[in-house]
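Here the structure of chain A is known, so what remains is to put chain B in place on it, guided by the hints.
One letter stands for each residue in the lines below.
There are 2 protein chains.
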Amino acid sequence: MSEEKTVTACLIIIGNEILSGRTQDANLAYLAKWLNEEAGVQLTESRVILDIEETIVDTVNECRAKFDYVFTTGGIGPTHDDITSPSVSKAFGVEWELHPQAHELLKEYYGPEGLTSARARMAFTPKGAELIDNPISKAPGFQMENVFVMAGIPIVMQAMLESLKHRLTGGSPVRSRSVRVHLPESQIATTLRELQEANANSDIGSYPFYHKGKGGTSIVVRSTDEDLIDKIVDSVYRHAFELGGDPEFEDAG
Amino acid sequence: MSEEKTVTACLIIIGNEILSGRTQDANLAYLAKWLNEEAGVQLTESRVILDIEETIVDTVNECRAKFDYVFTTGGIGPTHDDITSPSVSKAFGVEWELHPQAHELLKEYYGPEGLTSARARMAFTPKGAELIDNPISKAPGFQMENVFVMAGIPIVMQAMLESLKHRLTGGSPVRSRSVRVHLPESQIATTLRELQEANANSDIGSYPFYHKGKGGTSIVVRSTDEDLIDKIVDSVYRHAFELGGDPEFEDAG
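Going down the list, the protein sequences come from chains A and B.
Mapped onto our numbering, the consecutive letters of the first sequence carry residue numbers 144 to 396.
Mapped onto our numbering, the consecutive letters of the second sequence carry residue numbers 144 to 396.
Bound conformation, chain A alone (with noise of 0.2 Å):
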């Protein structure tokens, strides 16, 4: 979509619960829209996978050789389905040992006695993994190389994003507008196919709604290049207008 490289990202996430149904997930839209504000890194797919130790290995070895950056969340903690860690090690073929800063921040928080096995558990990496702090309740993530690992609990990943930002090198974040106009898709389809031909330094996208009983269209324009964005939204609007389809702005989305 931009002219210059794009900075590709790849979540993983990993829980049977989010595949069950059970859970809904609310990482991917927070990492997504984070990472190109942020970091100027756009995410560019997600995989939800099993508590499942092939799995999870063939997963982040295809990705972390597909993607600048991984993401992994969820199967951190401390219990015997928490498997993420010692697969990343496999993944990378290397040690799953006692990452001494890591326990040393766990016996701190948890104190001596507080330090059970279970517990003890979350203080093992891979061999050479560089900790992701974690300020909200302690045990760390990790990096290896090009993938990150993190927790699935929403606001214990959000933490950690934030103090791995520093580690992130992207592009020129992608910006967004978007109208929304009363007519079906269809009837505005030829206005945005030659538009998107004209322009191929952006993404347009066309969204059917329906809203209290009326249906319609949000038509999302999104590039790197602001000028180019409002040119293509004026168009959008000036053309959704000679149809009769009572365009309106939206906010960015």
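Errors might be hidden in some of the hints.
[Unchecked claim] Covered by chain A, per the in silico footprint, the following chain B stretches (three or more residues, Cβ under 8 Å):
1. 155-161
2. 166-180
3. 250-262
4. 329-335
5. 371-383
No wet-lab data here; the hints were simulated from the structure.
For each residue, glycine too, the CB sits at the ideal point set by N, CA and C.
Quick look at chain B alone, frame taken from chain A:
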């Protein structure tokens, strides 16, 4: 998890708007529960990908070889960014052509004058596709072998699922029960690990929660064997009670 062979499915969510964080996916959780309850099929993986032809082709081809069933959502409307259908044709190496039955449906719905060229695009499918009925807005989905191509709008996707139900053959549905205990995960971790090791035909998940300033752990037991679930849940309850964890049964989820 089960001793009978698990029938697996993968959901491919196609849409830049999900990966930009603009739209929160609502189809994964619904599909996961529906597949399990209505068809005995287990959602085993999900991928969220961009509207890029090569990405769609590669992902569909990888997943249809790997899983028993593949479902896609999104990208089957009338606009330039709706490229799922021609991309699936390419994945199967067949022509993308006018489907006479889909054409009739749309002509009837929109009337001969209302069937603009943008709308007529929605009557094209891969050669050999079997339509999936859309009782909401008529434009059909379609099936190619084990791949089911559906709309992204949740109410339409849900209606399409009902109409393709008889085409799926699954196994026994997975049942679940859960217990909420007022203990940190780490305090019940050893109990859970032992129960999981003793009961291979089950999946015991542990999920920390925070609610009104109080924390604890939800323990979810899943299996196709309901007697086994009851046995494990009772055991969790008893152990949590002995540990002073004030256990309560939750609604299954």
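Each hint tested on the structure:
1. Check result for the segment 155-161 of chain B against chain A: holds, 3 residues qualifying (beta carbon to beta carbon below 8 Å, three or more required).
2. Coverage of the segment 166-180 of chain B by chain A holds. Counting CB-CB distances below 8 Å, 10 residues qualify, and the rule asks for three or more.
3. For a cut-off of 8 Å, the count of residues in the segment 250-262 of chain B with a CB near a CB of chain A stands at 4, and the three-residue condition holds.
4. Counting residues of the segment 329-335 of chain B whose C-beta lies closer than 8 Å to any C-beta of chain A gives 6; at least three are required, and the coverage claim holds.
5. Residue count for the segment 371-383 of chain B with a Cβ under 8 Å from a Cβ of chain A: 0. That is fewer than the three needed, and the coverage hint is violated.
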